[in-house]
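Student: Each chain, letter by letter, is given below.
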Amino acid sequence: MRVAIRQLDEEFLPHVAAVTTGSTVEFPNEDLVFHNVFSLSSAATFDLGRYPQHASKSRVFKKSGIVKVFCHLHSHMSAIVRVFDHPYFTTPGTDGRFEIDGLEPGRHEVVAWHERVGESTLSLVVAANETTDANFALPLRDDK
Amino acid sequence: MTDAAPTRPAPRLVVWIAGVGFALIAGVLGIVFVLLSWQAQSRLTGTVVEGLEVSQRRFADLERRRARERGLQAVALSESPTLKAALDTYLTEGAQGPAPAGLLATVREEATKLADLMAVPALALVDEDGSVLASAGPLASDWPTGARLPWLGVPEAKEIATARGERWYLASVVPLLLAGETIGTFLLASPLDDAYARAIAASAGADVIIVRDGRLIASGGPSSIAALSAVALPVAGSVFVKGDEWVVRRLSAVDSVAIYAVSAVASAAAATTSGMTRVILLVGAIGLLLAGGASWWLARTLARPIDELTAALARMVETRDLHQPLPRRGVSREMDALAATFDTLRLAVSQAEADSEAAYLGVVEALAAALDARDPYTAGHSQRVAEFSVLIGRHMGLSETDCETLRLGALLHDIGKIGISDAVLRKPGRLTDEEFDHIKLHPVLGARILRPLAFLAPHLPVVELHHERPDGRGYPHGLKGDAIPVFARIVHVTDAFDAITTARAYRPARSASEAMAELWRHVGTDFDPGVVQAMAAVWDSDLIQSAGERPAGATWLRPPSVGTLPFRARSGAPLPEVVG
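So the protein lines, in turn, are chains A and B.
Per my numbering: the first sequence = residues 1 to 144.
Per my numbering: the second sequence = residues 1 to 580.
Please keep in mind that the hints were generated in silico from the structure rather than gathered at the bench.
Any given hint might turn out to be false.
Using C-beta positions, here's what the derived DEER-type ranges look like [what the hints assert, rightly or not]:
no., chain 1, residue 1, chain 2, residue 2, range
1, B, M118, A, G106, 57 to 63 Å
2, B, V235, A, G93, 32 to 38 Å
3, A, H86, B, E69, 22 to 28 Å
4, A, H86, B, M118, 45 to 51 Å
5, A, T132, B, E69, 57 to 63 Å
6, B, T145, A, R50, 28 to 34 Å
Glycine is no exception: its CB is placed at the ideal position from the N, C-alpha and C atoms.
My request is simple: use the sequences and hints to build the entire structure.
Tutor: Structure below.
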């Protein structure tokens, strides 16, 4: 799959992207200023260097894990690319709803992850041709 | 008991005046000195306070700027993308499992790089649990990895003071934020040591101490200011430590650590007043010198006339000479008035003395006259002896005063005969030895009669010794030659001369020439040669009536129209010159 994380108004958009291994992530610069994309994560250590507006660079993520992406020029910018070795994942919408299709019937463990909360896991049984609800509460600590 | 009063003599007037004058001026100078010193001291205290307040304001500005700069520096350093990325990645992956050591190494490397670049004493990265993840800088050993800093709870930028190891630190703390998330704390620390205090002192222009709960943390200034840490220091005011006043202003306080600017009033005052003190002392010394001189001069001016007057009075008492007027210096009206009063007194005393002498003399002369009158043969004898003696004395060069003494002595020479009975005195025939011995008592008797009259003391030798002879065969003492006073020698000769030339019951009077011959015959044995020679000269000088025929009781002297007299001048009145 191919995903784009834009650099706009000194922010990575979206802040979190989820891809399968072997996917390519594009980092187009849509700001007037130069940006840089680098990562120190063990799943993918790279530095795409600086580039100006309208330029774009990309990276293929071959290893599953959490990749934290930063900009050398703007210390407040960060993004997260989660790389999975299976296709059963999604990112919820702003309303918090999510849906994962195509699961085999049977017992499954569902893991919800938020960068500020970490992981929480639910175990559930999915019947054939049926939709099963999974509700997560991810309480964010009050950071003022 | 006034009798028991100490015998120590009263101090001299000079000492009094000089002492009081000196003390007065010294006192005035002392008061001026104290007042000036006090004024200078209070003015200096004001100056010191003002200086400290200026320091305080200046320092407050500096400190605010410095704290802000350190905060900004901390923020800037904490915004290092590599540091944050490495830390965040490390934390993220640490949450998943064992964190790779490479990430932490990157964090520390980045921290060291930043510390070197900005030349900070110490910086530290602290995780959300309050443990030091990484530290760097020359003093990083006070902030070792793993050290827990439990006081860093609230993630906000602030200044803190804390002790690490042996040191106290002033630290700027900023949270490390990433995407709205606090991922740790960044800390930039400066040690609160003497160098720091000295740097503050240099910029504040005052001595500086850093204290916490009565304990000295660091000082910038002389070691004596350490004593101030032991007392409670006001935010602004003054304290007394060991008797010295210190003006104190608090420059800043972080947590319980306070930085004070202090200044000793005394040392500031000493530096400024020492010059003034020198000037005042110099002026004082000159003033005292002048005061001493002026007092001395004044005292002498006042006291010397008194001393002179006293001396003149003492001299007057000693010599019994009341005729010299007392000195008038014209220095002060009071002294001249005093001298004039003494003069008046002197004249009165002199007059009284002269009057009393005259009264006594009158009595004595009356006695002599009464004596002469007892015996017709001796009528006028004393008077003639007196007159003749004076002529001889004057010829021998005696002063007029001596001549007067001689005259009165001669007049009284036989006064002792008052005590001799008429039977002996007026016996017509020759005297027996016993009678003669009785007669010979009269010089001693005369001296005894006159001795109580003090003013006749000079005349006593004439009365007592007028029968002594140069060969020592006279009476009453048998004195010889020069041992006999000249007045007595003169009267001895004139007495004999008058006796020879006066008729007695048992013999007629002999002539003056015969008498002179008689005198010459016994010169050297009975009569003094000098006196006899003088008598002869007087005889030749034509002052004496020649050829001897004189009526009984008459004088030997020529009548006044021709020659001399009167001899009856009293002491004190000038004697007239002898004419011819």
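Student: State for each hint whether it applies.
Tutor: We went through each hint and held it up to the structure:
Separated by about 59 Å at the C-beta atoms, M118 (chain B) and G106 (chain A) satisfy the suggested range of 57 to 63 Å. Checking the proposed 32 to 38 Å range against V235 (chain B) and G93 (chain A) shows it is violated: the Cβ atoms sit about 59 Å from each other. Roughly 53 Å separates the CB atoms of H86 (chain A) and E69 (chain B), a value that falls outside the hinted 22 to 28 Å. Between H86 (chain A) and M118 (chain B) the CB atoms are about 47 Å apart, so this pair conforms to the stated range of 45 to 51 Å.
Hint check: T132 (chain A) to E69 (chain B), Cβ distance near 59 Å, so the stated range 57 to 63 Å holds. Restraint check, T145 (chain B) to R50 (chain A): a C-beta distance of roughly 33 Å satisfies the suggested window 28 to 34 Å.
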